[in-house]
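Undergrad: Read in order, the letters of the sequence shown are residues 1 to 492 in the UniProt record's numbering.
In short, the hints are calculated from the structure, not lab data.
In silico BS3-like cross-links for lysine-lysine, where the CA-CA straight-line distance does not exceed 27 angstroms:
id	residue 1	residue 2
1	Lys213	Lys101
2	Lys364	Lys317
3	Lys101	Lys206
4	Lys25	Lys46
The structure displayed is predicted, hence computed values, not measured ones.
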Amino acid sequence: MELCRDVEKSTNIYPERVLHTWASKYGHLFSIWMGTQLAVVISDPKVARDLLVNNGALFSSRKRYFVKNQTVLRGRAITASEYGDTWRHHRKLAMQLLTLKAVEGYADNLNYEARILTRTLMEGSRFGHIPLNPHHYAGRYALNEDPLVARALELTVEFMDLTGPWANAIDFFEPLQWIPSTMKHRGHKLHDNLIEVYGGMIMRVKTKFDAGKFVPDCLVKTLLQNQEKEKLDCACCLLFLISGIIQWFLALIPSYPEVALRTQKDLDEVVGRARLPAAEDEINLPYIRAVIKEVQRVHASFWTATPHYTSENFSYKGHFIPKNTLVVLNCWTLHHNEARYNDPMKFNSDRFLEDNLSCAESAKLPDVMDHDHWAFGAGICPGIHVAERELWLAISQLLWAFNFYSLPDEPISLEEYEGLSGRTPVPFRLRLEPRHDQVNPSRKFEDWTGSLADRIRELARDLDRWHREDRRRGRRESMGNRAMLRPLKSVF
1 MELCRDVEKS TNIYPERVLH TWASKYGHLF SIWMGTQLAV VISDPKVARD
51 LLVNNGALFS SRKRYFVKNQ TVLRGRAITA SEYGDTWRHH RKLAMQLLTL
101 KAVEGYADNL NYEARILTRT LMEGSRFGHI PLNPHHYAGR YALNEDPLVA
151 RALELTVEFM DLTGPWANAI DFFEPLQWIP STMKHRGHKL HDNLIEVYGG
201 MIMRVKTKFD AGKFVPDCLV KTLLQNQEKE KLDCACCLLF LISGIIQWFL
251 ALIPSYPEVA LRTQKDLDEV VGRARLPAAE DEINLPYIRA VIKEVQRVHA
301 SFWTATPHYT SENFSYKGHF IPKNTLVVLN CWTLHHNEAR YNDPMKFNSD
351 RFLEDNLSCA ESAKLPDVMD HDHWAFGAGI CPGIHVAERE LWLAISQLLW
401 AFNFYSLPDE PISLEEYEGL SGRTPVPFRL RLEPRHDQVN PSRKFEDWTG
451 SLADRIRELA RDLDRWHRED RRRGRRESMG NRAMLRPLKS VF
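Input sequences plus hints: build the corresponding full structure.
TA: This is how it looks when you write it as structure tokens:
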């Protein structure tokens, strides 16, 4: 009965916490039945390396989930593809498009997006005068007022909730797939909406591309250029790892003002206040990198990574793992492993201070105990370089621009979170205070124009008073002046 209650909890709000409890009871490699599906849960980095890296050819496939694979994505996307030639081909292409060298080509766009994030947060908070909920801004921190992007974000949240590893009983009890249900209806509707939104976006770019018009370098352009050669089917799905980490950073940093002050001291010394931090500053700001890595460790966006699937029977240290077994990486336990991290439940900004490696470099280390927060083996995130660059630019520029304060009567919860797959903080508000005048250089111009407007209003009042005095004297020579001032009064 206890196990049944745990199973019910595991498919509810916080399945990763239940998996952590089970790992402490049953060990770093245990199995459970989810309906008709056998699942093996890995909670130790060495076991993960042995199975997912050293024996990756047998552990790199994906289960054909009814909702995710068959209903929503319908066989498209790398994370929904079974291991084979097509998977390897598309994975290779994705890695080529998202290499560190390729990311350098997107540098201007990434810098632009980070600046837009800072500016929109500043404007949304009325220069620090009103608190705000950062979810809308971090969701897609460029073009966040674009209706297309807002719609895409809605679809992303729906996709996360529908396709989590434990989200749907319909994925594990086949008879449920034969009858009408809300989950099936939502899945079909999401598929149609994804085609409408992303397909429409791709077709607009394709129309310009085919007409010989200028199309800036972007992922869609590259895919279109290679579509025939690579036999690609352009169907996209936006995930929100970057958005989630930015939201967790903003939720966490008001509770650690000493961390913010220390990073800001480094920024003032290395970058100064005359310009924003840039990618080339990262090497000279190791503490900010350490803070970002610790946020990722404590508050990862995904605690149960996309499960792997065995393609053959396998035996490991006395454990028999049959073919077609779901293999779940228990990231929450990996990130809170006492053998890896001293006092793992505590946010410690110094924890990664001596770690000068990028996440991509860390993932290649031979000792898995030195790895940080990304997946293992063939399942490692192909967008790792883009994610790291975007996180660095966004968080360093936020620290450069603002002081962060929670609201006395609205405590920010770091224990609760939203989402059934992707994890973000429960809605919260905070106050962002611009640190210095350079945060918005246009403020000086705005202050000057504001003073000018006040002076014009004062002059208009004086002229109006003089006009009334003239009228009392029966003189109307100043009517021309009053007519001239009407447009000014309508503006100011």
